[in-house]
Amino acid sequence: MAANKQQGSYLTLFWTACTVLCAGLAYFAEGFGKLVLLLGLAGVAISLFGFLKIKPLEGKTAGAAGVAAMKLLGIVVAWGGWFVTIAGLHLTTNTSGRLIFALVGIAVSLVGVLGILPVAFGKSVAGKAQAPSFLAAKTTMEHSR
Amino acid sequence: MTKFRSTLLYFAFLLVSALMLGSAVHAQAPAPAAAPASAADAQLKDAAGKAPSQMDLQKGDPGGTITGTINDVPAADSKAGVTLPDVANQAGQNKIAINFVWTLITGFLVMFMQAGFAMVESGLCRAKNANHTYMMNFFVYTCGLFSYWIIGFALQMGAAAGNSNLGGLQSLASEHTISLFGKMWGLWGQSGMFLAGHTYDVGVMVIFLFEMVFMDTALTIVTGACAERWKFLAFTVSSIIMGALTYPLYGNWAWGGGWLAQLGTNVGLGKGYCDFAGSGVVHAVGGVTALALCMIVGPRIGKFNRDGSPNAILGHDVSAVLIGCFILAFGWFGFNPGSTLGASASGNLRIGTIAVDTMLAGCTGTMAAILYMWALKGKPDYSMSGNGLLAGLVAITAPSGFVNTTSACIIGAVAGVLVCLSCSFFENVLKIDDPVGAISVHGTNGLWGVLSVGLFADGTSNYGGSWNGVTGSVTGLFYGDASQLVAQLVGISTLIGVVFTISMVINLAIEFFVGHRVSAETELAGLDIPEMGQLGYPDFVFQPEPAVLMGQA
Numbered sequence: 001m002a003a004n005k006q007q008g009s010y011l012t013l014f015w016t017a018c019t020v021l022c023a024g025l026a027y028f029a030e031g032f033g034k035l036v037l038l039l040g041l042a043g044v045a046i047s048l049f050g051f052l053k054i055k056p057l058e059g060k061t062a063g064a065a066g067v068a069a070m071k072l073l074g075i076v077v078a079w080g081g082w083f084v085t086i087a088g089l090h091l092t093t094n095t096s097g098r099l100i101f102a103l104v105g106i107a108v109s110l111v112g113v114l115g116i117l118p119v120a121f122g123k124s125v126a127g128k129a130q131a132p133s134f135l136a137a138k139t140t141m142e143h144s145r
Numbered sequence: 001m002t003k004f005r006s007t008l009l010y011f012a013f014l015l016v017s018a019l020m021l022g023s024a025v026h027a028q029a030p031a032p033a034a035a036p037a038s039a040a041d042a043q044l045k046d047a048a049g050k051a052p053s054q055m056d057l058q059k060g061d062p063g064g065t066i067t068g069t070i071n072d073v074p075a076a077d078s079k080a081g082v083t084l085p086d087v088a089n090q091a092g093q094n095k096i097a098i099n100f101v102w103t104l105i106t107g108f109l110v111m112f113m114q115a116g117f118a119m120v121e122s123g124l125c126r127a128k129n130a131n132h133t134y135m136m137n138f139f140v141y142t143c144g145l146f147s148y149w150i151i152g153f154a155l156q157m158g159a160a161a162g163n164s165n166l167g168g169l170q171s172l173a174s175e176h177t178i179s180l181f182g183k184m185w186g187l188w189g190q191s192g193m194f195l196a197g198h199t200y201d202v203g204v205m206v207i208f209l210f211e212m213v214f215m216d217t218a219l220t221i222v223t224g225a226c227a228e229r230w231k232f233l234a235f236t237v238s239s240i241i242m243g244a245l246t247y248p249l250y251g252n253w254a255w256g257g258g259w260l261a262q263l264g265t266n267v268g269l270g271k272g273y274c275d276f277a278g279s280g281v282v283h284a285v286g287g288v289t290a291l292a293l294c295m296i297v298g299p300r301i302g303k304f305n306r307d308g309s310p311n312a313i314l315g316h317d318v319s320a321v322l323i324g325c326f327i328l329a330f331g332w333f334g335f336n337p338g339s340t341l342g343a344s345a346s347g348n349l350r351i352g353t354i355a356v357d358t359m360l361a362g363c364t365g366t367m368a369a370i371l372y373m374w375a376l377k378g379k380p381d382y383s384m385s386g387n388g389l390l391a392g393l394v395a396i397t398a399p400s401g402f403v404n405t406t407s408a409c410i411i412g413a414v415a416g417v418l419v420c421l422s423c424s425f426f427e428n429v430l431k432i433d434d435p436v437g438a439i440s441v442h443g444t445n446g447l448w449g450v451l452s453v454g455l456f457a458d459g460t461s462n463y464g465g466s467w468n469g470v471t472g473s474v475t476g477l478f479y480g481d482a483s484q485l486v487a488q489l490v491g492i493s494t495l496i497g498v499v500f501t502i503s504m505v506i507n508l509a510i511e512f513f514v515g516h517r518v519s520a521e522t523e524l525a526g527l528d529i530p531e532m533g534q535l536g537y538p539d540f541v542f543q544p545e546p547a548v549l550m551g552q553a
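Chains D and P, in that order, give the protein sequences.
Just so you know, this note's numbering puts 105 at position 105 of the first sequence, and the rest follows in order with no gaps.
Just so you know, this note's numbering puts 424 at position 424 of the second sequence, and the rest follows in order with no gaps.
Since the hints were made in silico from the structure, they are not lab data.
A couple of the hints might just be wrong.
What the hints assert, rightly or not - Taking beta-carbon pairs under 8 Å as the criterion, some of the chain P residues facing chain D (in silico): (1) Ala-91; (2) Lys-95; (3) Ile-96; (4) Ile-98; (5) Met-193; (6) Leu-233; (7) Ile-240; (8) Leu-430; (9) Leu-485; (10) Leu-489; (11) Ser-493; (12) Gly-497; (13) Ala-520; (14) Thr-522.
Backbone N, C-alpha and C define an ideal beta-carbon position, used for all residues, glycine too.
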């Protein structure tokens, strides 16, 4: 269905609600700020569910669904690498030690970002598997015929 | 007799008064301030007397030798004329004015980079998606600017007080901090939402404009990586959130007095995390967000074959790409030299070195990319040439304020080769489809730029005698300070580990509610008509694409 009036309407609501929400945050200390914040949150929630409601009208896409558990694992490993780096700052005051911790932390994060997540999203790191988007597109096209 | 006595008393009174006055004057004589001030005031009056008269000025001043004199200095008291305090106040305002004008004009240059990005990204896409790609680059300015005004600026720069270049910015003085391991760490700023209240201030407006155009650069990086299959609605929502949250958070940690900047004062790592103009804050944040989105959105139909091998999907306009690259290179003279936030005082005359470093890194980046492609593939590929230029510029962005020209050349040359290798790695190994090479240009080389500060900073810069609150000049490993390299690595770890995952989680949520990708039918038809309602080139006759790019091979 592509771009349409409903999208435009819910986007207008989303943007307005975000602005109201921020106004609530800005004036949170004052009495009306909290009320404005709640109004903004409600508006954002309504717009998000509006987006969700019209999403199926778009039609099928060529993207692959991927594996949810692996996505979560990839995100956790990527974030975990940063914890290794930060832990190193407090476990040692030696510059070389901190350097090693930082490099290990970056390596762990890269395993999550470049090792796990591409596979989780349906791509092959080794380049041997079939390209999922292509297959999904083929499926969609055959379905539409 | 009585008259004689009265006269005698009168003279006696005068004598005593004169003696008292004399002793009082004598007592005041050593006071240091009075005499020089009056001498200076006398000199100022003398100068005012010698200044060209109205008659002289009416004759015109073709040589520019009599325009701009003491008569142009406003006097607080017009009867007293120009005094030393008047001159001192004017000198202070001139310094701030020079810095305001410098920061604003360089900000205007960075704003114009949006045009360069639009041309590069659209040129590298197919004609059937030109309108959509141009519109993303056009609309991202609005999305980002508005988000930044309502909250993003406050999160990033809400505690940026203390910048003497712009008059102190004292109204930006509220940072949310946490106490950890006995130290206070800044997480986000809290003043400046809607630029209201005390932040309705001339200096705050200048820093807002400058920081806003930087933020918008980061946002527009993502549009290129996801071009030709990104739903316009999802792009809008994603850009609004990135401008409001993701970018400002990292911006605060690095530039707003946050915890990365405090690594020097809190744990003794060099001068804290140093990113002069934004290889990390702007480019790597844009690059890692682009990577997260490319994974979620997936490759374009026809990009990869059944065996996983990639197909080249050619752009439609070489001239747009290369002219766009030149516009970006021009805008970079705002990006890097402008990041001094002033041209007067506090070591800001280094802007000349920064500008030359910027030119040279772009030069060697282009050179390295062209020679690499020519030697290995047989042709000096135009898209990689452009990306080589941009890679060199991205890489020099963080170190430009701290390195010499030789180091700038090395940093640029490494970036030129790195961008070619990185593009190949993401496409051939990870099977990630990035139509314009944004992940490699901005992500990979943004990280390289951050790292290079820790290697090449030569310790000669002096921006007011300290950086991030640590006295001394930023010095890298090759010039004797290994701890600066560690600070840079912590920044890199944060970009990969935190910024990437925040972007991933936010965009997975958008994927759930909105859906990032257009339908397969829309993608095959081209996004211009279904998403934008009009072709970018309505008079063109489109040739059928090869079957392999239509998913029919």
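For each hint, the structure was consulted:
no.: 1; hint: Ala-91; result: 37 Å, violated
no.: 2; hint: Lys-95; result: 32 Å, violated
no.: 3; hint: Ile-96; result: 28 Å, violated
no.: 4; hint: Ile-98; result: 33 Å, violated
no.: 5; hint: Met-193; result: 4 Å, holds
no.: 6; hint: Leu-233; result: 5 Å, holds
no.: 7; hint: Ile-240; result: 7 Å, holds
no.: 8; hint: Leu-430; result: 5 Å, holds
no.: 9; hint: Leu-485; result: 7 Å, holds
no.: 10; hint: Leu-489; result: 4 Å, holds
no.: 11; hint: Ser-493; result: 4 Å, holds
no.: 12; hint: Gly-497; result: 3 Å, holds
no.: 13; hint: Ala-520; result: 4 Å, holds
no.: 14; hint: Thr-522; result: 5 Å, holds
The structure fails to meet hints 1, 2, 3 and 4 from the earlier list, while all remaining hints are met.
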